[in-house]
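Visitor: Sequence:
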Amino acid sequence: MSKTDWIAVDWGTSHLRAYAMSGGSVLDERMSEDGMGSLERDQFEGALLALVSDWLGTRTPVLACGMVGARQGWVEAPYASVPTAVDQVKMVNAPTLDPRLDVRVLPGVKQANPADVMRGEETQIAGFLALNKGWDGVICLPGTHSKWALVSADEIVSFQTFMTGELFALLSEQSVLRHSLAAGGWDDTAFAEALSDAMARPEKLAAKLFSIRADNLINGTAAEVSRPRLSGLLIGAELAAARPYWLGQQVAVVGAPELARLYVKALAEQGVPATHVHGDRMTIAGLNAARLREGISA
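One point on numbering: in the numbering used here, the residue at position 157 of the sequence shown is 157, and numbering is uninterrupted.
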């Protein structure tokens with residue numbers, strides 16, 4: 001493997017992902033389950049070293065984003081307030097004992113009214129804008145907590161978070177609906193119909209959710225149909241609420257292919273074409289943009 005110039009790190013609540021970098025190119029990547037949620041403050045350095053120790057030189061820059069910069073993380077990187085220029089965020093140095101480490105953490109972004117926060121997604125937004133110069137519009141970042149961000153002139157102007165992914169997990173794993181959902185299988189028609197129902201009458205969401213269980217009990221609706229119905233109802237309710245963001249706007253969806261595909265399809269049903277790009281690629285691009293801006297080299 002070529003020499004590692006620096007290390008890009010995406011440190012979330014449940015996982016730690018690291019990339020050995022040469023300039024803007026990925027040489028190697030690794031992942032562990034040492035997420036922020038499972039670590040005390042004095043355990044972060046050890047978790048990182050366990051994953052990347054053999055990549056380190058005499059003094060290797062490490063740029064990290066995500067929950068590693070939360071109040072409960074390695075070091076708190078205070079939120080920048082919207083509107084905020086993605087190319088002007090200030091990194092915070094994390095304390096280290098190993099002299100081979102030079103760790104810097106990117107801050108998240110906060111919004112006072114309505115109150116909202118993000119950590120990690122702002123780096124993906126910065127990566128997208130670094131690769132798409134002069135782009136204005138709305139960036140959708142689906143996930144456990146989906147974000148819709150309005151960007152203009154390389155600034156995050158405003159954003160809104162939806163707990164769609166977490167609601168799907170809770171309902172499919174811990175509610176009465178768990179008895180009606182299959183682990184696999186998919187029906188595009190069931191998804192599209194549920195999406196349309198939720199967008200037309202979002203106030204009926206709670207009733208529509210229970211109908212998934214009732215249909216399974218009374219009509220024997222297949223579990224492979226129930227799962228996409230649940231997904232369609234939740235994403236439809238999200239899109240209905242996020243309409244002021246995507247209506248009449250240029251839209252990009254940044255995220256993992258399987259989930260992003262559903263959002264692209266849902267937006268297409270509303271006559272809104274959306275560009276999809278992979279979230280991991282945008283994270284790396286955002287960290288690299290921060291490195292270049294600060295003139296950081298090995």
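It is worth saying that the hints were derived from the structure and are not from the lab. Among the hints, erroneous ones may be present.
[What the hints assert, rightly or not] Simulated crosslink set (BS3-like; lysine-lysine; CA at most 25 Å straight-line): (1) Lys133 / Lys90; (2) Lys265 / Lys208; (3) Lys110 / Lys90; (4) Lys204 / Lys133; (5) Lys110 / Lys133.
[Claimed, not checked] Pairwise CB distance ranges, derived in the manner of DEER restraints: (6) Leu292 / Ala256: 42 to 50 Å; (7) His278 / Ser14: 15 to 23 Å; (8) Ser211 / His278: 18 to 26 Å.
C-beta: ideal position from N, C-alpha, C; glycine also.
Visitor: Could you work out which earlier hints the structure fails to respect and list their numbers in ascending sequence?
Guide: Of the numbered hints given earlier, those the structure breaks are 4, 6 and 8, listed in rising order.
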